[in-house]
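Participant: Let the sequences and hints guide you as you build the complete structure.
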Amino acid sequence: MDLEYTPEQQSFRAEARAFLEAHVPKNLPPLDTPEGFPLHVEWEQLLFDNRWAVVDWPEKYGGRDCSLLEWLIFEEEYYRAGGPQRATQNGIFLLGPTLLKFGSEEQKDRILTKMARAEELWCQGWSEPGAGSDLAALTSRADKVDGGFKLYGAKTWSTRGTFSHKTFGLFRTDPESERHRGLTYFLVDLQAEGIGVRPINKLDGDEGFAEVYLDGVFVPDRDVLGEVGKGWNVAMATTGPERGLTLRSPGRFLAMADRLVALAKDRPDACDDRIRDRVADHWMKAEAFRQLGLWTDRRIAAGEDVGAESSVMKLHWSHLDIDLHETALEILGPDAESEMKNGAWMKSYLFGLANPIWGGTSEIQRNIVAERILGLPRK
Amino acid sequence: MDLEYTPEQQSFRAEARAFLEAHVPKNLPPLDTPEGFPLHVEWEQLLFDNRWAVVDWPEKYGGRDCSLLEWLIFEEEYYRAGGPQRATQNGIFLLGPTLLKFGSEEQKDRILTKMARAEELWCQGWSEPGAGSDLAALTSRADKVDGGFKLYGAKTWSTRGTFSHKTFGLFRTDPESERHRGLTYFLVDLQAEGIGVRPINKLDGDEGFAEVYLDGVFVPDRDVLGEVGKGWNVAMATTGPERGLTLRSPGRFLAMADRLVALAKDRPDACDDRIRDRVADHWMKAEAFRQLGLWTDRRIAAGEDVGAESSVMKLHWSHLDIDLHETALEILGPDAESEMKNGAWMKSYLFGLANPIWGGTSEIQRNIVAERILGLPRK
Amino acid sequence: MRFGFSEDQKLFQATLAELLTDECHHEALAAAWETDAGWVPGLWEKLAAMGVTGMSVPEEHGGIGLDDTDLVLLLEEAGRAACPEPLAETVAIATPLLAEVGGAHADTWLPKIAGGEARAAIGLERERFVADAAAADLLILQRGDALHAVPASSVKTAARDSVDGARRLYAVEWTPSADTLLADGDTGHALGNRVANRAALAAAAQLVGLGSELIRLTVEYAKGRVQFGQPIGAFQAVKHHIANAYTQLELARPTVYWASNSVAKNTDSIDLDVSTAKALASDAAHACFRAALQCHGAIAYTYEYQAHMWMKRVLVLREAYGSSAWHRRRAARSLIDG
Amino acid sequence: MRFGFSEDQKLFQATLAELLTDECHHEALAAAWETDAGWVPGLWEKLAAMGVTGMSVPEEHGGIGLDDTDLVLLLEEAGRAACPEPLAETVAIATPLLAEVGGAHADTWLPKIAGGEARAAIGLERERFVADAAAADLLILQRGDALHAVPASSVKTAARDSVDGARRLYAVEWTPSADTLLADGDTGHALGNRVANRAALAAAAQLVGLGSELIRLTVEYAKGRVQFGQPIGAFQAVKHHIANAYTQLELARPTVYWASNSVAKNTDSIDLDVSTAKALASDAAHACFRAALQCHGAIAYTYEYQAHMWMKRVLVLREAYGSSAWHRRRAARSLIDG
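Protein chains in written order, with my numbering: chain A, 1 to 379; chain B, 380 to 758; chain C, 759 to 1096; chain D, 1097 to 1434.
These are computed hints drawn from the structure, not numbers from a lab.
Since the model is a prediction, treat every value here as computed from it, not as a measurement.
A few of these clues could be false.
[What the hints assert, rightly or not] Below, computed lysine-lysine pairings styled on DSS-like, alpha-carbon distance capped at 27 Å: (1) K341/A to K914/C; (2) K101/A to K230/A; (3) K108/A to K230/A; (4) K26/A to K265/A; (5) K1252/D to K720/B; (6) K870/C to K914/C; (7) K720/B to K405/B; (8) K487/B to K529/B; (9) K768/C to K758/B; (10) K914/C to K379/A; (11) K768/C to K1023/C; (12) K758/B to K379/A; (13) K114/A to K150/A; (14) K523/B to K609/B; (15) K439/B to K487/B; (16) K60/A to K108/A; (17) K114/A to K230/A; (18) K439/B to K493/B; (19) K758/B to K1319/D; (20) K1319/D to K379/A; (21) K405/B to K644/B.
[As the list claims (entries may be wrong)] Away from chain B, derived, C-beta distances all over 10 Å, residues of chain A: (22) L20; (23) N27; (24) R80; (25) F218.
We put the beta carbon where it would ideally sit given N, CA and C, even for glycine.
Facilitator: Listed below in structure tokens is the structure:
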């Protein structure tokens, strides 16, 4: 057990810190607003130009070939410096790793760099109005035509769909198939003919989601990811063992816990022993997630199968984040209600309330923990 | 809305208080021990002799024909005075009301008074080793013979079975039947030939349970309660709408909350704002249960169907009781561990930990609330 | 001892419920979010016509002269509809105070309130901003121990955001004067405590209504939404979320009714009873909010569906007039130190 | 940065696990409840033969001289087996202290500990009674800032009950003397804090083991127990209870390993790291205890089945050497006031 960072790791951290402290933009309007979005994209481009956008990607796509551990360090520094939410995140964290694993060289060359420098923004197209937790119930279909497919159906909860250029998702290519079979993973241009995009306001009032309608949208063969009919496997293997850490990095919650501690220091009169107990509890749980990240990094390095433990992590931070915000709201008392600006606790609370829903609800995660890790019977 | 007790109710309370303050025995050894049991029985007999054993029963069986409201008052006073756990409780609260509703005059005359004066002690015989939450899965059977039945099988978790004279429970009289059908409700003498009783130590080490084995035990026809083959209905209708209140009366938790407040007053140094917050929370929840009791009393009087709401009550007090004890243990700190005498918080905590299990687990209660009250689908 | 409501009280509740179903349905509420005042156009006049605005106004000032036990079921209905009108502030808080103080302010304002011509806003010391301060006619404002009745025309307001889109919050600038004074000194202090208790009770009653509606919506949704080949309401996890929230709510409910009597009669236990009601109702409504969001999934997280308006009302009312922590703190003082 | 254990460390853990499976199974444990010392006869000698008792004893005193990071997995195994021997007290608390202080006490006791001829009991100021005080050979006792090494022969003990039937608690009467003194003043204070941290860490490690075993037992039971025509482990409510407890436990686990390094190296963050570990492990093990009891139903509530022995050990260790609330209070001071 050696818990000192190496000189190389320390200098990587120092370099990241220096860049971020100098450049992180302050007081951006919310990402999911017409004012805020272009400013966030600008910031992504600055990150890319300085090779901080996708540190763990290959150099040829704008990355630094960093290890998972270095990525964890970068994330700590990013949120420590108050870096804004990543406009590119559904591309670089969800589709990016899948492309790196399943994409052809042509696809990777064509897509990844543009994705990383926020030139092409991607939104996910997983859920459908009738298929949420039960993703395999999806009914959107793709009919084979000459040189490609024609796509029909509706996708929903596409985060930042109204601001994105492209989407990715599963469509049923075998009309006879059921559930997980006969699905294909498509990359779809949102400018294509036959696309309709309708914004959906999320809890804080911003246009965070979109519903995407597809009425005979042509997608060329080259935009199939992986094999036709094997889309489910591609989607499930999306990110590999580090998914638990990359979905939301520990650094994000460490920074949040530090902000909470600062708030408590700032308002001692509002912090009785009960609040102090909770602040300490949340801070410890953020720190525990950091340590679990480093622990998991070594397990991955040792070749252990830690895939299902991403559910443990998601359960942990989903609820930690909400609890932490509820403590902050308690400290703020009647002041909280009127703080709806970006970065304010109330606004960020509303954002976090979606944690136990998106990316697999907490109920689904608990099933995964019980069935895949602990071996309890599925039915 | 009139929240003053009437002069009659006030004088009933005063009379009960005077008797209890003068006579409640202090520092009894635990009920479920050979030393403690006879002393508890002695107390029951004193209660009976003064007509305080079963205040809501008809006078001819030793009661006072009290209303539910007066019974609630009596219970408040009983626990306020520090009255010990009732040795007769599985008789007077579980079987008693069933007998009053379904029993023949002969059965009532023969059984109730002896039950109330602790001359005959009753334990329940519901669960079987293979039928706990799923009571309808029971397999113990009763074969018809001349003048009665012969009973075979095993019953378990019979509270105070080793100290009891009689038991009551369901047996399968129709061998072809399944689940809820073909069951009959029997009253069984534990001295009868063919009975075996094995004590089971509960969490605090006392012999709180027994397993009862029946190998051809003869039960005469007169000890069938209700109709042959209709035992499930008899058992389910056991106590009617007031069951939610009689299973555990609000007075019990009010007294417990007051004890907790006294403990907090006694140890101010151990009570920071977090503990004080919890003490207040528990006290409020006990008070809420008291108010819900009075509210429910009026709803019953108005003929409303409140049967399934006993599940709301059981969920409430089951967890309140445990939370309240955990707060007490926190106040006591390292002192708690070694307090294993009757009445000590640690001992009483271990006792309360069974709340979410017996009498229908909390999971079963939540199903009942969801399905019977809220109308969510059963399957 | 008779802890229940009369047939008349229940009838009035049912009548108001019907009006709100017709006039304050969720489309009307969504539209109110877009208005200047955050109110439903025409609704106040209908409430006045039904006698709601005059309920607590003494008969000599043109009202019906009923008390807090009569109001509590109506406030619960207002909560159930997430009704954005300042009903609690006007009928349950300002009116009883004016009636109790009497004098010129009562003579001026009470007939107007009974007639539906005046709405009140409330600004207690502990609250940071005043809801509806710009569109209300009368402001009840507290400074130190003094309570004042201030006409809207003599205050300056500056708008503030609120998480609840139907709630118009303002910072208020005002100058106390002999003309505006209702009470000060010991009387002001005692009345201030009573106003605070009334305000907390009114919030608690609305929270019970809000929680009930969130449970109802969630049950309906869980019965209809099919995933994995069955209604999601058949999954134990969904059932148990809802059952737990419902259990909390059903325990909070009687404490709110009980406290309405304590406030009406100004009993010795008023503080403890109101704190119990507000603490339990705040926590229960919040549990209903969380269960509703979780069991609906993404749809409740959007403006496509009405639940979010109820959830945001819960967020503001659970904090208003003392959070559950504040009320437990007050109760702890009375229980442990008292 | 390499946050993991070596192959040697894991091998030692596996070897100890095997010994405890053979020698400290639940029947042996139930029998230990009935013995005077509450120990498993012969087990200590086998631990000594395996080198466990000498693990932390410096080589010059006949041990292997390993540190807290080497011990932590062994303590976790001791917890998993609910092992009633004073392994933590002797190997993880008393030995490092004696080795650090050195001198005559170290010369006397360390070779005996390495050889399995001496067991230690620990009595810190904050604890009320001393476990194993009568049957241990050496007592490490604290008075104010001073730490003493007191031979069992010179103390008087009076037995006390414990909820844990394998735990022999005593009130201890003793007289500090120059002969027994290990350290006092600033040195004693600093060492006392280090001892308290080691003790809390040792309890945390055992709690992780206890929690793991309770989860394992519960999963096994839930797979086998059939009700309503299916294994109860197929019900979502049961699955989610266990999954929640497991999640807490898996978050506590790395904090215990991390804190073992902080204690071994006496890092700047030792207090915060140990408090994090003890608070999270206490709460997680308690969650495992509650889930185990609830998912087993009545059987876990009895002496017919082994779980109760694990549950009671959780109850005492979550309180020992600072409850989670105590440790959060310490952490809050360092985070907010520090």
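Participant: So which hints don't hold here, by number, going up?
Facilitator: 9, 10
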